[in-house]
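Given the structure of chain F, go ahead and fit chain G onto it with the hints provided.
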Amino acid sequence: MSFFVRQLKKYLFFEEPEKLEKFILKPGGRSAGDKGAQSFEKVREKKTAESEKPPEPGDEVKSDIDANLAHMKDVYSIPVNSDIILREFDITYGCRSIRAFIIFFDGMTNTEVINNYILKPLMVNSVMPLKDTAENLEDYVVRQLMPHCQVKIEKGYKKAVEAVNFGGCALFVDGLSVCFAADVKGWEHRGVEKPNNEIIIKGPQEAFNEVLRTNCAQLRKRLKDEDLIAEDILVGKVSRTPCSIVYIKDVANESLVAEVRRRLEGISVDYMLDAGALEQLIEDSTFYPSPQMISTERPDYVAELLVSGRVAIIVDGSPNVLVVPITAYDLMHSPEDNYIRFPYVNMLRYIRYVAGFLALLLPGLYVAITNYHHEMIPTDLLLAIEASREKVPFPSLVEILLMELSFELIREAGLRVPGPIGPTLGIIGALILGQAAVAANIVSPVLIIIVALTGIGSFAIPNYSLAYSVRIMRFAFIFLGALAGFLGITVGLFVIGSWSAALKSFGVPFMSPFGPKTSGKYKNVIFRAPEWKMEDRPDYLNPKKKKKQAEISMKWKQDTEKKKQD
Amino acid sequence: MQMDKRIKFGRWEAIMLISNLVCTKIFLYFNRMTVEDAGNAGWMMSVIIGAVALLLYAVLISLYRKFEGRDILDIAEMAGGKVLRAVAGFTLGGVLFVLAALTMRKFSEDIKTISLPTSPLSYVMAFFMAGVVIAGFLGIESIVRHNAIVAPIVTAGYVVILLGIMPKIDITNLTPIFGTGLKDIFLKGFYRTSVFAELLVLFMLPPFLESYNDVRKVGYVSIIASSFFMVTGSLVYILVFPYPSSMEPFLPVFNMARLIGLGRFFQRIESLFVFIWVMSALIYLVTVFFFAVYTVSKAAGLKYLRPLIIPFAIIVFSGAFLPVDLLSVIEIERGIVNTWGWAVTFGFIGLIMFAAGLRKRGRRETKGK
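Chains F and G, in that order, give the protein sequences.
If you're matching positions, the first sequence starts at 0 in numbering that gives the first Met the number 0 and goes up one per residue.
If you're matching positions, the second sequence starts at 0 in numbering that gives the first Met the number 0 and goes up one per residue.
With the rest of the complex left out, here is chain F (with noise of 0.2 Å):
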C-alpha cells in the first residue's frame, strides 16, 4: 500500500528528482580518458594490484601453527560442522620436522587429488633427498613438494577461506606466514548434457551446466580466441559466488565491459544463487514486462553474441548464461536461425512474428470484435459466431477470461505435475477446455480456436522470459479491448510502445535499430540476410570491430570468375 501512495505522491507532487548517471554506450568502442569507463589496461592494473593487495590488519596468516590452527577451527566451527576435514602432519625440511595441516571440505574436493598430490609428497616426498635449490621453506613447499597445477601462496586469511569454500584446500605450515592454496574442486555435477528448454534440430547440441569453468571452457573451444577475456567477480558478500564477465577484448566495448563490472561490482546481497536472481539486480528496469537481457544455456548462442560484441555473465552455479546489451527483436531470434538457410530462418522468423501477434492480441481483439466492431466480421462469419454463442450465458469478456485462466492453470499445473501423472493432466485440461465446457454451453467452440491459438502463438514465442511477458500483457489487452475496442487497444499498444522506445539495455536504446535508426537494420533484425551479406557487427553495440567478415567473403566465387576471364 505505502508503495502506491508513494508511487501517487511522486506524481502528484514534486520533487528533486535523483541526479542519477545514466549509462551510455560510448560510440568508438574505446573509454581511454572517459571519466566513467575503464580501460582495458587499467583493469588489469587493477586486477594486479588487488592480488598483490596485502591482507587487512588482523586477516594475515601467522607463522605459528597454532594460531592458524585455532582461527581455522573458529572460522569452520570445527568439531560442529562435520563436513570439514582437517588434515594435520609433518613436513621434514633438512633435518626438521615441521607441524602442517590442510583443511578442506569433504564432497566438494577431490580426495585422490589430495592424497595423491598434496599430502603424499608432502609427507613421503619430503624425507627423501630433494635437489636442494629452494632458498626457504616456502619455496621448497610451493616449488618442490607440491606437484598440483594450480596452486596460490595466499597472505590472509579470507583469500584462503575464500578458496577453502569454492572446493579448495588450504595447507598451513608452521613457521610460515603464508598459506598455500591448492584448487582440487571435486564436487559431483552434471556432465554437459543436450538442453532441455532451447531445443533445436540443426547445429550443436551442448547445454551449459553448473560448473562455471566448464561453461567458460565450453566458450573457448568454440571461440579459440586469445582475446577472449573471462574476468571473474565475486558476487554476494557471504557467499562469494564466482560470476564471470566473458568479452572478446578486441571487440568488446569498453565502456560496456565497464558498466557490466560496475553494475556486478554494485550489488550488495548477502547470497547470490543463480542468474536468474543477477538478471533482476542489474536490469534496467524492473517494471517493464519484458527481459532486458538474454538469459540461455545454449554456450552457442552465447559465442555468437560474443562474436557480435556482446557481453556473457556466468554464475556460479547457474546453468544459464546472461547475455547484454540487446533489442527487443533479439527476442525473437533463435539459436537456429545461425544454422539454417537464409530462406528458412526468414520463414520461420515471420511465423514467430505472428504467433507474438496472435499470442498477445487474438483474445483482446475477439473481445474488442465480438463487442464493438461487429462490422469488421464478415456476415456469414459472424451469423456462425454468434449462433455458438446464442446458448452461452456469459459476455465475451467473461468467456475469454474464463478459458484462459483454466489454460493458465493447466499450463502451470503441467509444469509442477510429477511426470507420470503428465497425461492425465492433458486428459483433464483437453476435457475441461474443450468438450465439456462448450457441450455445458459454458464458452463458445469459436473461443476454444481462439484460447488453442493463443497458446500455440505463445509456445512457438523463442525467448520463455518474453512469452511470459506476453502472457501477462495479453490479460491488459483483454481488459482494454473490453473497454474501449480497438482505441483501447492502440492505446495499450501505443503506451507499451513508447514504453519500450524510452527503455534501454545497457546503453542501448531497446527498439534499436529502428528506434533509433542505426544502420544494418536489414541484415539480422527481423528478417536475416543471407550469412556473406553479414559484413557488419551491430552499430548500436558499437563495437570496436565493425566488420565481422569481409565484403567479399565467398572469395571463391571471384576467383572462379578470374579464371573464367583469363
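What the hints contain is simulated information worked out from the structure, not anything from laboratory work.
With a Cα cut of at most 25 Å, we get these calculated SDA-like pairs of lysine to any residue: (1) Lys-25(F) <-> Tyr-211(G); (2) Lys-8(F) <-> Tyr-303(G); (3) Lys-544(F) <-> Arg-221(F); (4) Lys-21(F) <-> Pro-206(G); (5) Lys-154(F) <-> Asp-73(F); (6) Lys-516(F) <-> Lys-216(G); (7) Lys-52(F) <-> Asn-135(F); (8) Lys-7(G) <-> Val-494(F); (9) Lys-520(F) <-> Lys-544(F); (10) Lys-21(F) <-> Glu-209(G); (11) Lys-151(F) <-> Lys-236(F); (12) Lys-216(G) <-> Pro-512(F); (13) Lys-151(F) <-> Asp-58(F); (14) Lys-8(F) <-> Leu-301(G); (15) Lys-547(F) <-> Thr-559(F); (16) Lys-111(G) <-> Leu-381(F); (17) Lys-516(F) <-> Asn-212(G); (18) Lys-111(G) <-> Val-494(F); (19) Lys-111(G) <-> Ile-495(F); (20) Lys-302(G) <-> Ile-23(F); (21) Lys-248(F) <-> Asn-337(F); (22) Lys-25(F) <-> Pro-206(G); (23) Lys-154(F) <-> Asp-89(F); (24) Lys-151(F) <-> Leu-68(F); (25) Lys-503(F) <-> Arg-305(G); (26) Lys-9(F) <-> Leu-307(G); (27) Lys-562(F) <-> Glu-550(F); (28) Lys-545(F) <-> Phe-39(F); (29) Lys-522(F) <-> Ala-155(G); (30) Lys-516(F) <-> Glu-209(G); (31) Lys-81(G) <-> Arg-362(G); (32) Lys-547(F) <-> Met-331(F); (33) Lys-25(F) <-> Asp-213(G); (34) Lys-151(F) <-> Glu-49(F); (35) Lys-182(G) <-> Glu-35(G); (36) Lys-216(G) <-> Asp-538(F); (37) Lys-21(F) <-> Leu-301(G); (38) Lys-111(G) <-> Ile-368(F).
Coordinates of chain G only, in the frame set by chain F:
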C-alpha cells in the same frame, strides 16, 4: 524531468516527427478541405500549399542560419531579452495547446462516431489523454523514437488504403480541371499553408539536432514528404468521390477505406483503419502536447517539466470540451487555425528571427566601431 543536454536524435527521427505532425490532418479533414476550397482542383491546391510552404520555409531557414544550435526561444531572447522570450514561449506554447485540445476533441468525436457511438465523449477522450500523459512522462527520447517506428507503419497503412481504393477511381472526376478557379487555388492555397503550422516544433528541435544542416534538411524533407502524401491523398480522394459529393464525407480517408472491397470476404476493412488512425493521432497529440509543455516550461525558465504534465493535461482535457459541438471545432479549425496558422509559424517566427538578426548585426557593428 530535467531536459538532458546530452539528448540528441538523428535526422530520420526528426523527419518522421515533423511529417507525422503535418500529415495527421490527412486522416481528419485535409482532403475534404481542399475540395471545399478549390473543387476538383483540390489536388492542385495541395501542390500550391506545398510549394508555398517550401518557399516560406526557405526564407525562414535562411534567417535561421546565424543561430545554429539555438531554438526559437533562445533567438527571441537575443532579439528582445527575457520579455520577448517569455512572449514567444507563451504564444507558441499556447498555439500548441490549442492544437492539442482541438485535435484531441476532433479525434475523440470521430472515434465516438465510427466506433464507440454509445460511449460518452469524455470516456473516449480519457483514453487519448491517458496515452498522452504516460508517453509525456516517458520523455522526448521515447516520443521521438516511438514516432520513428510508428510513422512508417502508419504510412504503409495509408498507402494500402490508397492502393486498395484504386479500382474505384474515375478519371473523369478530375474535370473541370481548375475546379472553382485559379483564384481559389492560389489564394486559398496560400493561407491554407497553415496546415504546416506544426512546423513550429522544428524550431524547438535544434538543440537536439547536430547542426544547422540537419535542421535545414529535416525541414525540407518533411515538407516535401508531407506535401507528397497530401497531394496524392487529395488526388485519389477527388478521383474516387465526384464533386460535390466529395464535400460531404465526414472523414475522407475513413470513407475511402469503407469503399475498399477485396472479394466477397474482405468487405469491411475500415475497422483496421482505426488502428493506424488512433496510433497516428496519439503520436501527434503527445508530440504537440509535450512540446507545448516544453516550450512553456522553457519560456518560464523552469528546470523540470515533468511536474507540469498532469496539470497541463487537465487544461488540455478541459479545453477540448470548450467548443459546444463537433461543428464548432470544425469552424475553429477552418476559420482560425487553418486560416491564420501560417502567420504564427512563418510570420511570427520569421519576425523574431529577423529582429534577432538585426540586433546581432547592430551589436557587431557597434563592436566594430
